[in-house]
Amino acid sequence: MSWRERVTLQQGNIAECNTEAVVNAANSELWMGSGVAGALRKAGGSVIEQEAVRHGPVAVGASVITTAGTLPAQWVIHAAAMAAGRPASAESVQAATASALALAAQHKIQSIALPALGTGVGNVSLTDCARAA
Amino acid sequence: MYSAIATHSAQHDLPGDIRLVLWGDNALTVFQQELDAAA
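Protein sequences appear in the order of chains A and B.
For the first sequence, our numbering begins at 34 and goes up steadily by one.
For the second sequence, our numbering begins at 13 and goes up steadily by one.
The hints are simulated quantities; they were obtained by calculation from the structure and are not laboratory data.
Some hints could be false.
Claimed, not checked - If you want the footprint, here are the derived chain A segments under chain B, 3+ residues with CB under 8 Å:
| id | segment |
| --- | --- |
| 1 | 45-52 |
| 2 | 125-136 |
| 3 | 139-149 |
| 4 | 156-165 |
Said to hold, decoys possible - If you want the footprint, here are the derived chain B segments under chain A, 3+ residues with CB under 8 Å:
| id | segment |
| --- | --- |
| 5 | 22-30 |
| 6 | 34-41 |
Glycine residues also receive a C-beta, built at the ideal position from the N, C-alpha and C atoms.
Next comes chain B alone, as it looks inside the complex (with noise of 0.2 Å):
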């Protein structure tokens, strides 16, 4: 998901607030880390 986020900010207007509404602190925890990797 973070893939399609940077390529469509790229090319096109992004809305200003993205949220990703997860379940579990598993998701959160992996979401953070790949968000973390993207920098």
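For reference, chain A alone in the conformation it holds in the complex (with noise of 0.2 Å):
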């Protein structure tokens, strides 16, 4: 099966997805404030925020895993595709994708949810971000 194959589009909010684990839109400090990172804390507990932020800050580009609060899936995956207050660039929403499939990888999850990393405050481009890089 092909990368392609193994990918579907979906619209919705991503706190709500029931995969083995969900990508949040992270920054490299690792709090949770608006966007996805809020919607995430919001469903899933301020459980998740304690958790990650014990493990930052780390590199734009880096991911950590955590659980998943009251959140129908197991894991959150942080991929930080900025640092805090900076903007991100299609380089950094690479390296934060590639990190967040390596950390899935390492724990067997073969289901993941992920969002449009870089395309909220951290304003990448739509086209940039699907591209990357």
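Got two chains here, each in a separate frame; can you build the complex from them with the hints?
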């Protein structure tokens, strides 16, 4: 099966996904503020953020994994596509996606949901995000 | 993101189910176009 056949696109709230893991559009400090991070924290509880920041700060492009609080998913992979308060880039989106997938492989995760990393406060265009890089 | 997924798939196992969960009709359109272009 090619990688394209494994990818599906859907519209909705990633916090409601029942995949094994969901990916958080994180910053390098791993604080969970607005956008995807805020939606995941609101739905899953602040325990997710408390666990995440114990791993931080991390380099831009790196990812860490935490439990998922009360989310339907079992794991949250926090992919740092930007430094806190700074814009993201196509390169940082690519690195964050790659590190999230590597963590998923390490944990033998078979289903994963990802948001459009870096397209919120990170200000990367949808086209650049999709291609990245 | 597609570039990273494709690169990862060439070197490692990929999850069998990869969902890109997006906000807004425009996001779905753009990501579908780029997925088609990656064929």
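Let me make sure I understand: some of the numbered hints might not hold for this structure. Which ones are they, in numerical order? none
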